[in-house]
Structure formats: structure tokens, C-alpha cells
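Build out the structure end to end from the sequences listed, making use of the hints.
2 protein chains.
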Amino acid sequence: MQICLAQLNYHIGNFGTNVEKMIQSIEVAVKNHADIICFGELATCGYPPRDFLEFDDFIRMSDDCLKRLLPYSKNIAIVVGAPTRNPVKEGKDLYNSAYFLYDGKIQYVQHKALLPTYDVFDEYRYFEPATEFGVVDFKGKKIALTICEDIWNIGNENPLYTICPMDEMLPFQPDFMINLSASPFAFDHAEERLHVLRCNAKRYNVPIFYVNHVGAQTELIFDGGSVVMSPDGSVFQEMSYFQEESTIFELEEVIKGGREIVQPKNKIKDIHDALVLGIKDYFGKLGLSKAVLGLSGGIDSAVTAVLAARALGAENVRVLLMPSQFSSQHSVDDAVALAENNNIRYDIIPIESMFRAFEAQLQPLFGDLPFNVTEENIQARIRGILNMAVSNKFGHILLNTTNKSEMAVGYGTLYGDLCGGLSVIGDVYKTDVFLLAEYINKDSEIIPLNTITKPPSAELRPNQKDSDSLPEYHILDPILRLYIEKYMGPNEIIEAGFDEALVKRILKMVNINEFKRHQTAPVLRVSSKAFGVGRRMPIVGKYLS
Amino acid sequence: MQICLAQLNYHIGNFGTNVEKMIQSIEVAVKNHADIICFGELATCGYPPRDFLEFDDFIRMSDDCLKRLLPYSKNIAIVVGAPTRNPVKEGKDLYNSAYFLYDGKIQYVQHKALLPTYDVFDEYRYFEPATEFGVVDFKGKKIALTICEDIWNIGNENPLYTICPMDEMLPFQPDFMINLSASPFAFDHAEERLHVLRCNAKRYNVPIFYVNHVGAQTELIFDGGSVVMSPDGSVFQEMSYFQEESTIFELEEVIKGGREIVQPKNKIKDIHDALVLGIKDYFGKLGLSKAVLGLSGGIDSAVTAVLAARALGAENVRVLLMPSQFSSQHSVDDAVALAENNNIRYDIIPIESMFRAFEAQLQPLFGDLPFNVTEENIQARIRGILNMAVSNKFGHILLNTTNKSEMAVGYGTLYGDLCGGLSVIGDVYKTDVFLLAEYINKDSEIIPLNTITKPPSAELRPNQKDSDSLPEYHILDPILRLYIEKYMGPNEIIEAGFDEALVKRILKMVNINEFKRHQTAPVLRVSSKAFGVGRRMPIVGKYLS
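Taken in order, these protein sequences are the chains called A and B.
Per numbering that gives the first Met the number 0, the very first residue in the first sequence carries number 0; after that it's consecutive.
Per numbering that gives the first Met the number 0, the very first residue in the second sequence carries number 0; after that it's consecutive.
For the record, the hints were derived by calculation from the structure and aren't laboratory data.
Owing to the predicted nature of the structure, the values given are computational and were not obtained by experimental measurement.
A pair counts as met if it fits within one copy or between any two copies, since identical chains are not told apart.
DSS-like mimics (lysine-lysine), calculated; alpha carbons at most 30 Å apart, straight line: (1) K20 to K507; (2) K441 to K453; (3) K289 to K507; (4) K541 to K528; (5) K289 to K528; (6) K30 to K73; (7) K141 to K201; (8) K20 to K541; (9) K66 to K507; (10) K485 to K503; (11) K503 to K528; (12) K541 to K485; (13) K503 to K392; (14) K507 to K392; (15) K66 to K104; (16) K88 to K485.
As C-alpha cells, then:
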């Protein structure tokens, strides 16, 4: 039996495009004699559809997609994820389902039982969990259909659910399992995914055909990496990352096992590739092509500019250099060098005249009060206006260049350098931004060395350095990681070996700056805990603040 | 038996303050011979604690609160909501529980079974649902303890759950029910709450003691209105709205029933009072006292300024009038009149000099391109900078003045008039803003009549009116309401009698402007569906856009 995994890049709510993409894959698979073709979880409508699911009209459009697919199932079985209306009055209105289409009919529907409701996931917001389980009979084989999280209650240290759907299917003696997934990238997630699949294959002694989405949906970057796992727990094949791929597998070969074909994994390269895809799909799916950003001569905007050029083409990126009276000449030189190295158009707009205009108009209110963060912010906000002016006039979308360390401690100006439609490196700690820069420079000096080696500075007052108000990043970042990614409280972090006063100061900075993060752009997610939809904190709270 | 309902204003994560507030109420109740005192759902930590719940340290601090309360339970039973660790490895790590403390010990713990996971609620993100149910024996009475949503699966058109906890408790023959709630205000919610309580009392033929939170937690405004319901379904007493109150009730009297003491309800007055409380608690709980806002002479900023003055005191509010070359003299006059009527300090800062400075610096990039939305936005953003400069220099928090109609269709400038720490009227449609203005003016002309009667305009280009680019608000608002509050798709709205092209245009405007709402301040919630945490929409989607 030939099973095709179609790892596609869907677009939320773009039913026409999604279904046409599936039809194209079906036609190729039929030509190549596949018996079954598998698409992702909620493939008709894209993932995550969020509150669009609450519109009956939206569900009707997904139903129409299934109807459009049915005629194509004459000679091939189609396994596809879609929402289903719950016919029972009690409970949530929908199920998250795997449809098995064949011979022009819906042959079987299996609903999802384990509904991830943590981090970026909200599935119990919309879906009723499955309570009935079965298998599909197809050409003499029994197939267990599971959906993403359904197989994630095995091999975990902290099991989130009290049941395991495959246990319920086991009495029906399935020959193999198909899992339709929509599992987003985090730099440490692929290993975990393989571990979970391995645990499942061994425990149930069946081959598993796991098909994932690929492509970004705003902040979530689906990385592909679909997996065919043999019953012995060996990886028959891990499919490519960050690109569409359709591959056909022979079931008997998979059952034999004994081979291990996995993708090479490299944290920084994977983050790089994920961010490039994240930018590309953000623009592509919004029907946009051009980006603008402010280039300071520092490492954050340099890395962001290179990533943007790689995603959109250098000809579609333009940058603004906006020196103030506090900017050093080397910052301008470094920014120019970066732009020239990458063939990116740059314009230089000194901001002093606008700053003076604000100063003059505010003089009657401010009197002789000393220069402070107010004037620093005015500079950052003038730059925000200029970036947005170019964005508005020419249709370039402003990219935000803030890194995760700054975002965490609130080291940035709201409506100033925190402006932008998309935060590119907002889930990358400063210490990893340096590694990204080194990776970008691995073959040649794309980012000027001086940009990488000089001490980070916002240059908003004379001789300012980040380290004037923040601890060094190699101390700050590990503390942030323990708090944000590992949920450690102050006592645990102090016990891990960090200075008590410093830990309390940093955690307080993180918490009192929640209001800033609330108003910033979506952040491309590359870690297990990014700022944004996956981290929901009170703004008016008093914990550690 | 004397039962005290303590309707208190908690603060998320402020354990010390919360527990001291409870202890004070206990001491008064003991003096007044109460047998039982009831506090709200998750009263130890405040509601909603969101992802703070994922920190073990946070749960430990809640546990410490319970320990501090125990000694006070010698002569009175204390019923209080708090999170509980789930001792079982499988499932979520916490329960949302009602504790029954007496005689210095925890006598009973009932977990919550129905976990709201919709709109602003995310409870299944954190909590495992209860599967075991019982009653408390206390002084010869059997008491059923339920938590908020636990009683909300009766009398609903669209029941969300498949079980009903009180059905499970019925075999234990409870004499009365205590329900600990954290139920936020929406202008049409109080009637629904009484209906649900009435259905419960009648169905189970028991008195119900329902205690709610009062006070705002960022965007959610808990309105109080705790209820004592007699078994005959009559309202023995509905407690006050928008303020703390502790009242003792005699069980035997409640059982008799036959009286109906409810609070008067008035949509616009209630919204007014809710917003005033929302502003007051936002500032108070952040330890802040002073607000700034831009006053345009229009109705939105006028209403916001009056609400701010009522919440914080006129002496704590200051406003900026920032006319451009397109501002009419009457706008400045109306704004001055508003400020003077309300004894609010105002400063006038013309923005033309800054606008000219931007124009000059952008000239090399813009050349002869015509004046368009770019230049309109620059003006709005200059005002944003000025507001934030006053905020930064003097510690006044900027209030946002955007209404729900504008927020819906994206009629506002990101980083311009969309700036601000809190959106005051972002959940109030323009047509209701007019009613709020009339309500404010019911006794005297607090808001200048001209502000109310003139056609709305952003005054960002010569002779601009809102109606140049938007339909009249009396047509726009009902369409928005059907789409946002009623989840109707385009076909249903058109069938309801609206023009097809207009409906499609408006729905598209709503959807393509999701990126703006993603970056705006938290919105004080006064309807059943506010923008913000309760409405989760994809940014990069293609549905109706």
C-alpha cells in the first residue's frame, strides 16, 4: 500500500487556495499510484483559525471544501482535517476531525480527543473532545486516525490528559496509524516530536504516518518535518523542514524499519530558516511584498535587515538611518556598510530638527526640567513616525527589530522602536542574536564586524550603553530563560546560583513591563515560550512587581 | 443560621492585601454573629490570575493565604476560593476550588467542574475539572459548594457542558447552595445572571447564596451584584453594584422567599459606572493617580475626560489641545469649554511646527507625491508623541479615547490616536457614546452641546468628516453588532436587511484591521464581546478580507 504525506502551506480562511493546493497534490499522487494521501489538521481552513471558528459561515465554507474534494477520492483515499459540527446540543459546537474520503464518499470521521489548551493553543475554546473511537477499514488494512495532540500523552514527564486515544483504538487492532498535525516550530521541538512518535510506534507496535503543516500563520511557524516512523521506533524518514513536500511511502517497507533518515538539526540555523519563512509568509499571505526598517548600526536591526532581505529579496527592503545628535559616526558607517553589503536601499534622515521642534513646543510645559527618559523616548518616537511615514507613503511594512531580552525587561520605547507590523527577533535573546549574526557571517562579512563587536547602545543620550541600566546579557538571558521558559519563581532562580537582588530586580522589570508587550507586534515564535498569544499575563497585577 | 456574603475588590497577585481585606470582613462578621462568611472565586490570588498560575511560587503564596485564614475560622466558617494542586500526575496541575474552613482546619474542598473556556475565560488552560462531588455538613445543615460556571449549565439555549455539578450533589440532599463567583460586567449580563440563579433555585428547590467579586482587573470589571435567591425563585436580595459590600442573611428568612429586592438596571448608567470603576482600579492597582489625554473638541475625548475626572478627581487629569492647521476654531473652543466646565487643566500645543519639520526631512524621499493618509497619520502621531511626552515627564498615564466603532473599522492611527495605556470607551459604539454624553449632561451642560451635535470629524485634512469614508454610525453600528456580538456572517447580516455591498465592505474593514487592534491598549469591557483578550482573531487570514 502506497501512502502519500502532503506537507503543505495552508492559509487561514483562504479556502479556495487551500483546496486547490490539495487537489494538485492529489492529482500528482494519483499519477504516482498512491492509495492514500494525507493532509494536515484543519487543512481546509488553516491552523489556527481561532475565533473564525465561531462563525457558522466559516464552518459552511470548510464543509464546501470537503464537498469539492469528494469527487477526487474516486481512486485514492483522502485523509484531511476539518472542523465538524457537533450534532448534540450539550457541549461545544464543534469537533476537530480527521475525514477519510474514498469512492466519492465520506467513509469515516474520527474526532480529536486531546485538545491542547496551553501556550498558543486554545482548542477547548472551540471543540468538544471525542469520546468514541474506531478504525477505518481500507483495502484490507485497519487504519487508526489520530490528530496531533492525540498521540502526545505518551512519554511525557507531565501528562496533561487522563486518557490516551490510541489505547481506545487498540482493541480494533489497527495495522498502522495516520496522524494529522499542525505543530509549530520551536528550536527544541523537533527532538521532542521524534521522541513522542518513537514512544507511540514502540508502544503500539505500528507504523506511524505523521503529516505536519509547513508555513507561517502570523506568529506561528509550522516547520513541516513530517515523519514516517517504523514499528521498531526507527525513523523511516523525516521529511524536509520549512518547505512544502509530498512523498509517497510503501507501507511494507516502512514496516521493515531498521533505517534512520532524519534531518540535520542546528538550533541557530533552524531559527534563521524559521524566521526567514516567518517573514516571507507574513508578507506573502497578506498580499504584500515590501519591508522597511530603521537601521541603527547595531546588531538587532542588522540581523533583521539581512533576514528580511533573504525572505523578500534585497530589492524589496529599504532602511532608514535616522541619526540624532547622540549617534556616533561609526553607527552611521556600520549601518551604511550593512546596507551596501546587502544591496539594500538606504536613506539617511537626521532627526535633530524634529527633536528641536518638539523641545520648543514642550518648553512652556517642561520649563527647566532636566533631560531624562522623556527626551530619549521623543527621539525613538520620531524615528517611529519616520518609519511609518515611509510605510504609509510607499506601502512598505515596518519590521520591528526588538530582541527578546529587551522585550522582556521593557528596554524599548512604546510607539518608538517598538513600532512595527511584525516582530522578527522578539523571541530571540540577545545572546542568540549574536550567534545568528555569526551564522549569517559564516562565509563572509555580511554584517560589519564592528556591529557585532561594539558594546550595545541605544544612543539616546551621550555615551549611553545598554549595560548602564541592564546587567550584561550573558547574565540577564539565563535568568530570563529560567523565568519565562522554565516558569521558575524567584527562589528557584536564586537557588540555581544567581544573585538575589539581581533576580528580584529583573523579574520585577519583566512583570511591570507587561503593558508594553501588550501593545507590540506579533512575535515570530521560535522557542517553547514566546511573548504574545502563548504567554498571557495580567497587566494590573502585583506578583513580583 | 447567619450567612455573610463579602463582595470584595481583590487585586491579582497581591496576596497580602487580599487576605487582610478578608480578615477585616471576618472580624466584622464574627462581631455580628455570622455563622458563615463567603468570599469570591480564587479570592486569595484574584481573578483572572492567567499564566501566573503556572508558577509554583504563585500557588505557594496562595496556600500561605489559606494558612493565614485558618486561625480566624475558630468561630466562623470561611468559604473561600483558591487554586489547589492536583495530586494526580495525569491531567492539569491545578484545580479551581472552594475551601470550607472551620475550627482552624480545612473541613472540605470542592473543585470546580465546569471550566469556562470562551470569550475572556481560559480556565481549562490551567485547571482539571472536578469529577467528585459532595456536600459539607455544618451545624446540622448540608451545604452544596459550587464555583461560578458550575451553575451555568441550566436555562441556557446553548449548553456548553455535558454535565451539571448540582445534579451530582443532589443525592446528598443539600439544604442550600453557596456559589463563589468571579463574573465580570457586561451591560446585558445581570439579567442573565438572575435568570440562571432563578432556574437553579427552582430546579433544586434550595436557597442560593451567590457571592461575586467587585472591582476591575485591567480590562475586566467585576460588578458585584451578589445575589441571595430564595427556593421559590424570588430574589431575596441583589447586593449593590460597583462597590464593596458585606451583608449577613438569615437562612430561615431566605427560605421563606416571596420578596424581590433587585438593583435598578439602566444600560447607559451601568456602562458609565463600570467605566468609572474601570479607570479608578486601573490606576489604583498600578499605584498611579494621574491621567493625561488629548482633547480634540470631539465627543469621544470629551466623554473620556469626564469619566477620568469622575474616577480620579479633576485635579488628577490634564488634557492637551493639539490643533493643527486643519483644526477648526470651534474644536479648540469646545475643548476649552469642556476642560473649564470640569476644572481640568489644559494646555494648548499647536502641532504645525513639528509637522513642517517632518515634511521638510521627508521631502527628499517624498518629492512631489500628493498629501494623503501619510500626512494625516503624521499629525496623529505627533499628538501621540506629545501626549506621551507629558506622560513620561510628569507620570500621567495616557488614556486612549477611541470608540468601538472606530476600533472595529480601523478608523484610527496606530501609534497616533490609538496610543494610550487603557482604552476607556473602546467597547462602546459611537451611537452609545452619544447616549453616554447625554447621560453625563442629564442635569447640566458638562459636555458642550456643540461637541455633541456637530458632525464627527478627525480634522486631519481640510473639511474632513467621518462620513466621508464611513457610513453613518446609525447604520454602521448595527452591522458591527451583528458581526461582532452575534457572530453573524455576511449572508445572515444581509438577510437581516442591510445592503450587500456595504456589509461586505464593513466586514472586510473589520478583518483587515485586526493588526491595529493587536497593538492597542486593553479595552474596558462593558459588552458581551469586547475587542482584546475575549476576541481572538488571526491577523494573517483571508476570511472576509
